[in-house]
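Engineer: Below are the chains, spelled out letter by letter.
There are 4 protein chains.
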Amino acid sequence: MTALNIGLIGCGFMGRAHTNAYKRVPDFFPELGRRPVLQAVCARSEADVRRFAGQWGYASFETDWHKLVARRDIDAVDVCVPNNLHREIALAVAQAGKMVLCEKPLAMNAAQGAEMAEAVEKAGVANMVWFNYRRVPAVTLAKHIIDDGRLGRIYHYRSSFLQDWTISADVPQGGHATWRLDVAAAGSGVTGDLLAHCIDTAIWLNGDLRDVSAMTETFVTERVHAETGAKQPVGIDDACAFMCHFANGSLGLFESTRYARGHKAAYTLEINGAEASIRWDLHDLHRLEYFDHRDRAEVRGWRSVHVTDNGGEHPYMDKWWAPDLQNGYEHSFVHQVADFLAALEEGHACSPTFRDALKTQVACDAILASAERRRWVEIG
Amino acid sequence: MTALNIGLIGCGFMGRAHTNAYKRVPDFFPELGRRPVLQAVCARSEADVRRFAGQWGYASFETDWHKLVARRDIDAVDVCVPNNLHREIALAVAQAGKMVLCEKPLAMNAAQGAEMAEAVEKAGVANMVWFNYRRVPAVTLAKHIIDDGRLGRIYHYRSSFLQDWTISADVPQGGHATWRLDVAAAGSGVTGDLLAHCIDTAIWLNGDLRDVSAMTETFVTERVHAETGAKQPVGIDDACAFMCHFANGSLGLFESTRYARGHKAAYTLEINGAEASIRWDLHDLHRLEYFDHRDRAEVRGWRSVHVTDNGGEHPYMDKWWAPDLQNGYEHSFVHQVADFLAALEEGHACSPTFRDALKTQVACDAILASAERRRWVEIG
Amino acid sequence: MTALNIGLIGCGFMGRAHTNAYKRVPDFFPELGRRPVLQAVCARSEADVRRFAGQWGYASFETDWHKLVARRDIDAVDVCVPNNLHREIALAVAQAGKMVLCEKPLAMNAAQGAEMAEAVEKAGVANMVWFNYRRVPAVTLAKHIIDDGRLGRIYHYRSSFLQDWTISADVPQGGHATWRLDVAAAGSGVTGDLLAHCIDTAIWLNGDLRDVSAMTETFVTERVHAETGAKQPVGIDDACAFMCHFANGSLGLFESTRYARGHKAAYTLEINGAEASIRWDLHDLHRLEYFDHRDRAEVRGWRSVHVTDNGGEHPYMDKWWAPDLQNGYEHSFVHQVADFLAALEEGHACSPTFRDALKTQVACDAILASAERRRWVEIG
Amino acid sequence: MTALNIGLIGCGFMGRAHTNAYKRVPDFFPELGRRPVLQAVCARSEADVRRFAGQWGYASFETDWHKLVARRDIDAVDVCVPNNLHREIALAVAQAGKMVLCEKPLAMNAAQGAEMAEAVEKAGVANMVWFNYRRVPAVTLAKHIIDDGRLGRIYHYRSSFLQDWTISADVPQGGHATWRLDVAAAGSGVTGDLLAHCIDTAIWLNGDLRDVSAMTETFVTERVHAETGAKQPVGIDDACAFMCHFANGSLGLFESTRYARGHKAAYTLEINGAEASIRWDLHDLHRLEYFDHRDRAEVRGWRSVHVTDNGGEHPYMDKWWAPDLQNGYEHSFVHQVADFLAALEEGHACSPTFRDALKTQVACDAILASAERRRWVEIG
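Residue numbers (my numbering), protein chains in the order written: chain A, 1208 to 1587; chain B, 1208 to 1587; chain C, 1208 to 1587; chain D, 1208 to 1587.
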């Protein structure tokens, strides 16, 4: 088995999630020809990065990402830093001729995203964006069902991502833990952070968006900055909802917020076709709800499919435990790494590439523009 | 449309439920040839019975049930009094050559029940026992599915009826509202009151019981009598569980209690066959859970069938509103009256007859005997 | 008890639902001083109306609604005809000085609605619109919880009403059974039929709407007319979604369609406050989901409240059966009649009045205008 | 960090689950002073064990367990072989003065179990049995709630473990994959395999059992042996149910089967106390249902607690991802290893020890004896 030397930049929540995936993939996907090796991790704080490297088993660490990118023993760079740094690092990695795996959203905006997509394509390096929810087995199963044409003509797609962690006005913005509230670091609020997930899945399952009409709201307009302690205006969107048309003629309805009390990570989606419908909810990510109008009428109803194998029919699940034994959040990252490695071997791109993720970025820009101007905005 | 003159004895909770059913059946089952007429109601307290007759529209009332039974303008007598009075009244009604509809359980014990069944059969009068849950559309649908052979060989039947209303030691026994806690009036506790429902449905769906092993418990051993105020030993079973074998070779497991905090009327059942399984819960009585192993594996799962029509395939529901609009508890009684009237027209018995209900009584006797002796008891 | 003589115009689905409510209310609300009497029913087809009167027990019938309105033995006229007839009849009833109960939506548009509201107010007659879902006990309970201030500041309101009965292009438009697909009779499609319910409840629970941005779609653009057999363009909206701001600063998101496979009457709502949230789903109308952030963290979670009494704390439920025994769809109408009668006695209006319902009509007009013009529309 | 050198015997399903736990614990519990090291794995087939060691990263392998036990570089032996080998290996490990971690059930019967418990105690070696479900966070939370006295006096405990994988008579017995159907290897059927889990949790949560009355059934009485191809009588119990009394006066009801169509790993439990009740279901292992009678009546209901942190109040979950992001089956093993390591450091035993697990073994013996003799059997 060949090594794929990983250099990770950023050791926050996502740094942990990706690292865990790199470590686990050989145990559960032993047939793969390449094995990720934790070669180096980089963060600005030496204390932090030293501790992280020790805990997770990275062979070395850096405090300057330029050095990590320049190292000859690194094959692939994983970008797990705030959004405002994605572009610069990704361009440097591409220029260095290395593979790049970038945390979502791809960039601060579509212009940056386009530049990044062009850069990796020009450099001819493998690239991928961490829209991990595609690889939740129930979501992958939804993709299979749709691609098999079992839903018939699609009429509706609806999706939401609800949280409640910023309701308190005492939550600060900026800094390590709360950079997602700082528009300078994040680019936007729930749109880039949460709706981007909904949109990526939606495009994957239901095709391109044609136009959008959005509204955003900032409920708490001033917050203390976590590092400076200064009270500053809040620049992000606390909530965002939008309507859209898909290219296939179906209607879309999306919503995201951090002010939905009772929800911490309520990512849900539903798709209605002429023949069948599908629903999914991250809170019980191992289940897929499925309704098929062709069932015998007497016992027709929504099915709760426990996506834990069903005789080997469920994506990825044969790699794990036994039927009915559920997996969790982290496994989506393991699956994404496995697919990336398999794609490397087979010599094709692993979706979502930068180019794929750019579509979501374009949609996010359109959404924010629509909300600002209070009018419909065409896409593409 | 011909009148069926009803004489109701007892105006408690069940008196209300049955009266409501008599009044509603012509509106929703207009095709029936006979229409119940509220001719007379009887209770010992004149004040109570007068008020009840006025509220519900009974044409007259009595305070002595012998008089009601003797009246020539009564076709059918509905016995809604505590269990210790069932036998005497039912025998008198049969002797008077009138139809008799008896609240469950049929009697205080199997000996009484046998006497009653023989009496109505000898008199040749129509008779029925109010095991109303058979006519919840989801339960009737379960019967259809089973009779169609869709479950395959049956392995397991489990059922429970859980309540929590007697946890407080301050609840009295005896009297109007709490006669169910008085063994002299009720004959037994949860066995006759709640398990009788579970057993009636079980026999209907899965056939006869062969043997039982039971345990009972009385958690609160003394209670004040509601009328006398005297503290007295409690004679009923507060909780009862039993295992059994069915004649078809399947295993049964049953439980009932009034000490299950969080449950008020949690009647549930599940039946597992080689090919398919069924579950039902009174808390959402308009739903039937159904699992069919023959479904395509990828999307196989428990279905939640909203038993509210599905293109006319759901029992009784075409009589009511529109698809997906749910009915409630009371409708089971309306359906039972409608079936009784239809059976009268068609000249056959309406199940469960006294003879049918006797089986449940025999099972209850065996359960109580088993619990007392701590050993298995054969049935029949 | 005084009689309230009812004259019903229209004997379709809603005619049945209202009639059932009139008949049942005295049984379950015996304390009310007035009792509805089924004095007359009116429909154009003599065969139909004669049959309906016979089945349900109306004392007489008419085939010309002008005659019914003119009859001196009628106190209150119930308007259960297609939307395009509401205005004319309601104005005539008001002019005749009679009470008027009008099926929802109030009118074809806001102009008609305003005229009707003014007419009943000028005439000083009691008036009400049948937005029955306010009186589902779980929804009424939601209102109590909100009015008690338990949710805190409201951030989000979302609601949808999903059906699937018009997916087939073979469903005709117009005529008795499918007038809701005929724009000439219905005024609009899902907006007036389904979203009107969502909006009425929303205004009741969360206050006025400030502006809307909507999209509509007509998926099947031609249908055969049920009576003429001619293929005609479809004029209604098959689906409609809209975003809005409420006057209290919260964001709203609404959707309705008849193309959501797997849903027959999926009316849902959710409201998120700073302290607590509420969810409700018509499919299990006897449950209210409730989340309270003030609960002890260890066991904090969404509660499924079985709105069937809880010690007398649940609206209306003490009138019916016993704890945990669920009611159904029809009971919402019974409750509305009971409240109407109680309001009569107490000498105040019974909400929603024509004036109340006009707000929903105004919102519907704004929604349709917004969808047509593809821009935000302010509301009065 | 000190190494704890692990020697694993057996590389089947449980060998994988334990190995995964050893590997992951340092990543997520970095504060622990000892780190498991995969020193050696043992299995009879050299091909199998070589492959397993390579995939999972064991430093070496053996094909004779005596050699592994004798190796000086092994600190702890993990026994993951069929039940009939537990005793001999465990005794040898104890005699070698090494720690022993034994897969459940502890032994073939209570006599063996007692011998094993005495051996490890006499040797003074750390010991533990892999009843992993205690460390599912929702189950651990249940333990906390109970120990805090929040349920009040306990009345009922019910638990079941339902599967459906042996319904087909074509499933063989014996051999690698199906030794659980071979009474010579397994000792019993569902009793030792599945009910043992239910009983271990029950004793942990609710205390000792006092007596049992059980029934067992073997639905398929002959099966082909996987290795010999010979048709042989089936010696195991396919299904087992039992009633019991707990020492605290509460009633227990348990069931297990491999013939419940629609269930693959349906381990459920419910406990009813005077004040509150708890339910859990392995199918959604990250949720705990909780009902508290002390809640305000209006909004009292069963809560679905998503056991994924709630502000740090949920056991183990602060070690993993973020609120609302669910874990899966395998994490229970990681938690058990972490607790074992922590107990080593703190110098106390890690429950369930062999002595703890012996109680479950005694109960299983009593259950099988009760079923055979068809009578109640006292425990201890």
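If you're looking for bench data, these hints aren't it; they were derived computationally from the structure. Among the clues, some could well be false.
The list treats identical chains as interchangeable, and a pair is accepted whether it falls inside one copy or across any two copies.
The calculated lysine-lysine pairs, modelled on PhoX-like cross-linking and capped at a C-alpha distance of 25 Å, are [to be verified]:
#: 1; residue 1: Lys1471; residue 2: Lys1329
#: 2; residue 1: Lys1329; residue 2: Lys1230
#: 3; residue 1: Lys1230; residue 2: Lys1526
#: 4; residue 1: Lys1350; residue 2: Lys1438
#: 5; residue 1: Lys1471; residue 2: Lys1526
#: 6; residue 1: Lys1350; residue 2: Lys1329
Engineer: So, for every hint listed, does it hold in this structure?
Structural biologist: Comparing the hints with the structure gives:
| no. | hint | result |
| --- | --- | --- |
| 1 | Lys1471 <-> Lys1329 | neither (40 Å within a copy, 50 Å between copies) |
| 2 | Lys1329 <-> Lys1230 | neither (30 Å within a copy, 40 Å between copies) |
| 3 | Lys1230 <-> Lys1526 | both (15 Å within a copy, 17 Å between copies) |
| 4 | Lys1350 <-> Lys1438 | neither (45 Å within a copy, 37 Å between copies) |
| 5 | Lys1471 <-> Lys1526 | between (29 Å within a copy, 17 Å between copies) |
| 6 | Lys1350 <-> Lys1329 | neither (30 Å within a copy, 58 Å between copies) |
In this structure, the hints that do not hold are numbers 1, 2, 4 and 6, in rising order.
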